[in-house]
Amino acid sequence: MRRFRLARRTALLRDSAERETHMNTIGASPPRPDGFAKAAGEACYADDLIVPGMWYGATVRSPHAHARLADLSWAPAGAGGEAVCVTARELPGPNGVQLVDDSWPILADRFVRHVGEPVAVLAAPTRRAAQAARQAVAIQYEPLPAVLSLEEAAALPPLAAVAMETGSVDETMAGADRVIEGVYRSGHQEHVYIECQGMTAWFEPDGGLVVYGSMQCPYYVHKALVHAFGLPAEAVRVRASEVGGGFGGKEDFPSLIAIHAALLARATGRPVRLAYDRGEDIIGTTKRHPAVIRHRTGVAADGRLAAMDIEIVLDGGAYRTLSPVVLSRALLHAFGPYRCDHVRIRGRVLRTNTPPNGAFRGFGAPQVEFAVERQMDRIARLLGLDPFAIRERNVVGPGDRLPTGQLLDSSAAARLCLEEVELRTGFRARWRECEAARTRRRDGEPLPGIGLSLYFHGAGFTGNGERSMRSPVTARLTDEGRVEVLTATTDMGQGSAAVFPQIAAAAGGLATEDLVFTAPDTGQVPDSGPTVASRTTMIVGAAIARAVADLTGQVAAWWSTSRAGGAALCLADGNLTGAAEDIAFRRAAQAYVEEVGPLTVTVRHQPPPGHSFDEARYQGDAYPTYAWGADVVELEVDPDTLAVKPLKVTAVCEVGRAIHPTLCAGQIEGGTLQALGFALMEEIKMRDGRYLNDRLATYIIPTITDSPQIAVHLLERPWEGGPFGAKGIGELPMDGGAPAAAAAIENATGIAVAEIPATPERLHEWRRDGGDAGP
Amino acid sequence: MRVELTVNGQPVAFDGHPMERLLDLLRERLSLTGTKEGCGEGECGACSVLVDGEPQLSCLVPLLQCGGRRIDTIEGLAHGPARALVEGLVAAGGVQCGACTPGIVVTAWALLQSNPAPTREEVAGALAGNLCRCTGYEGIFRAILQTAESHEHSGKVENPVS
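Chains R and G supply the protein sequences, listed in that same order. Under my numbering, the first residue of the first sequence carries the number 1, and numbering increases by one thereafter. Under my numbering, the first residue of the second sequence carries the number 776, and numbering increases by one thereafter.
Because the hints were derived from the structure by calculation, they are not lab data. The reader is advised that the hints may include incorrect statements.
[Unchecked claim] Simulated crosslink set (EDC-like; lysine to aspartate or glutamate; CA at most 16 Å straight-line): (1) 685/R - 761/R; (2) 645/R - 896/G; (3) 648/R - 896/G; (4) 223/R - 582/R.
When you get a sec, could you build the whole thing from the sequences and use the hints?
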C-alpha cells in the first residue's frame, strides 16, 4: 500500500512519513484481467466478430518476382458471380501505404516487384466465393529480370543507408596487436503469431470509415487510411480487436490489409472482412530482414577491444516499409554491450525482388547482436581466452560511454548479468569440460555444449523518436467515480492489460476496481503511440502513472478543502483517510463530478532531462535507457545426425523493475524460445523469389517438445525514467538466445557457427568444409 | 447431407456438404468462436475440440464423420469441469495472446482425465501438437503440473456440461 503524498499540490496536506510504503500491486503477479476470457474462448479476435451482411475478401497476388503488368481484365460473369474487384485503377487516393513514407504500393500498378505482391482485391458473399472469384481475374505479365540476391542488389541504389564513426578507427586498427575479421549471416524469420492477419471494414451512413481488426498500432492504421482515402482524420475510426500475437508482424502490415478491406467495403457498400489463412499470411506478410554483417576488430593481446569496423547489410525486399528504422536500431546495437572508443559502422538496406521485410521483435538488433557475440567468441578463441573472460574484459558499466557517446547511468547492469549467469550455471568450468570432452568423445554419445551471450536492448523509440512524439495519455473521471484511462496500446499478449492497472492503481492510490481501461479505438483514445519498441510499460506506463496521480490528487485536494476542513488526507487502495470519516475514493470522485463537473487530465511523455541525439552523426542518447541480459544455453548435439537438442537456457535479465514478475518473466521465456527458433530451425527457403515453405508443416517453429527448460532470473536496477523503475523488456530476450545457442554448438562440435539457422543440414556442410567465420 | 450430433451437451443437426469442416460448423453456424483456426491443416492445435472425449483437430474433421458424435468445445469445458485448469493457466502465466489457449485447455484437459498426475515429459508428449508462439511453454508446463497437483481437475469428461 502506498500512502499518497499530496503536499506538493497543496500545503494543507500532511508531509506523510508513510508515503514510500510501496503499494502491494507493484511486484505482485495477479491473474491478468483478460486471461480468463482468452482461455475460455470468449475474447473477440479479428475473425470472431460477427457482422450482419458482411462479405469476405480475397487477394490476387503476383506469381512473378518482377514483371510488367501488361493487361488486367475482370470477368465476373464467369466464376465471379456477384463479386466485386478493386485494382490500382480504382484507388480513391495515392497508391501508397503511409508508414515512414508512402512508397509501398497498396496494389501493384504497371509493375509487380515481388512474388505475392497484391494486384487486385475481391469481395464476395462468402469466403469460398471470394477465393473462387480470383479465377475471374485475368492478368498478363511480361516477366522482367529479377534481383534475387544481396550480391546482385549491392550494385543498385539501397533502400536506406546510414553510417557512424567515432574516434580514429583506421589509426587504432593499424596499431592493434591483432586484427580479427568475421562474417555473420542470418535468415528470414516469420512471426507465426497464432492468429493470422485480419481486418473488417465498413462505412457508416454518414460516410465515416470504421476498421476493426488485429493490430499493434491503431494510429498507424488510421494514418494510412486517412492518406489512402483522402478522408478527414475524424471520419476514420480504427478499433483493435483482441490481438492474437504480434511480435512486430502487426506493426506495419495491418495498415495494408486495412486499406484493402476498406477498398472492398467502399466498392460493395457492405462490411467486408479480409482474413488471411496461414498460407497467405506467410506468403503475403513481412518477415525479419536477412542480414550479412562483417566485423573487423582490432584487439590488444589481452583481449581489450581497440577498434571496431562493422558493415551491416540487410535485405529489405522490394519496398522500404520500416527498413530505415530497422537499420537505425541495427546500427545502434551493432557494437554490443562493450566499451570501444574507435568504432565505425556502415549500414545499408538493399532492395531485392522479394517480399518486403519489416518489423519483427528486436527490429534489427537480433541480427547484429548475433554477429557481435559470435565475433567476441572468435576473438576469444584466437587469443586463447574463454568466452566469459573476453566479455568480462570489455563489458560496459555505469559511467562508461557507448560508441554513440551516450553516458550510461547506474542502471547499466551488463556486468551484473554476466556475473549472475556465471554464478547460476558454472559456465566457465562447464565450457572447459565440454571443450576437453570433444577430443576424447566416444562414438554415438551425444556431444554436450554450453554457450554464453551478453546482450542489451534500447527501450523506447530510437533516437529522437520519443522526444519528438511526446505521446499523450488521458485519464478522466467517469460519472460513477471511477478513473478511466485512455491509451492506444493494444495487448497482443505481452500483458499491458495487467500491468497498466497495476501502475495506475499504485500511482493513483487506487484499487484496480476503481479503474477502467478503454479499448484501443482511435475514436476514443489519444495517440499514445504504437505498441512497439519495448515502449509500452516504460513510456506509456510512465505517462499513465503521472496522469492518474495528477487526477486522483486533484480529487483528494478538493475533498480535503470542501469536506474535511483542509485536513491532511491519505489516498491508498481507493480509500481517502485522514478526515473525520474515511471515504471511498469513488464516492469522492462521484461527488466531484456532480458538484464541480468533468475532470480530465492529459499528460505527455516526459523525456529524460538533458538527453539529445544527433541523427546526422548517430551520436548522443540513442535510447532513453537500456535493458541488459546474459544467456547460457546448454544443449546436446547428435554426433551422427548433428541434430541439436537444447536442454536448458538460463536467462538473467535486468529489467529495471518487474511490475508483474510472472508476465515479465513470460516475455523473457517466450522471446528466448523465439530466439532459439531463429537460431536452430526457422528457415524460409526461396526459389526464384518465391517462399517454398508457406505452411506450418514446412516452416517449423519450436513445439513444446523442442522447448528446453527456460530458467529466468530477473535483476532489478530501477531506472528513474520508468514507472516505479521499470524498463522496456519485450524485445530484449530476442537478442541473446541465438548467439548463445550457436556458441554452444561450437563448444559441442568445434564447428564455428557463423550463420543461422544452424540446421543439421548446414552443420554437416560446415563440418565438411571446416566452416569458419573468416572472410 | 444432414448430420445429428451433440455439442456441449446440446443436440444439434447440420445440413451441409459432407466435407464441410467441423471447425467452420462450430464457428459459423453455432457462433462458437472460441475454437480458433491457426493453420487449417492440423499443425497448430488451435482448433482442438473433444470428439467423444478425445482431443481432435476440428479443421481436419469433416461433417460426414460427425454423425452421432459428442463434441465438447472450449465454451463447454471452460465454464464447466476445466475451470480450474483455465484459472491455473491464467495464474501461472500460461496465457499471453490467447489464440492458442483454448486448444491448449482442451488438449490438457483430456490429458489430465487420462493421466491425473503427468510428468513434464508426459505433458510435452500430449501437447506436442499445440503450438504456442508467446510463452516458450514454460507457463503452460507450470499451469498443467500445478493443476494436476491441486487435484482440482477431477471433473468427469463423460458429462462435462452439467
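So, going through the hints one by one against the coordinates:
no., hint, result
1, 685/R - 761/R, "holds, 13 Å"
2, 645/R - 896/G, "holds, 15 Å"
3, 648/R - 896/G, "holds, 14 Å"
4, 223/R - 582/R, "violated, 48 Å"
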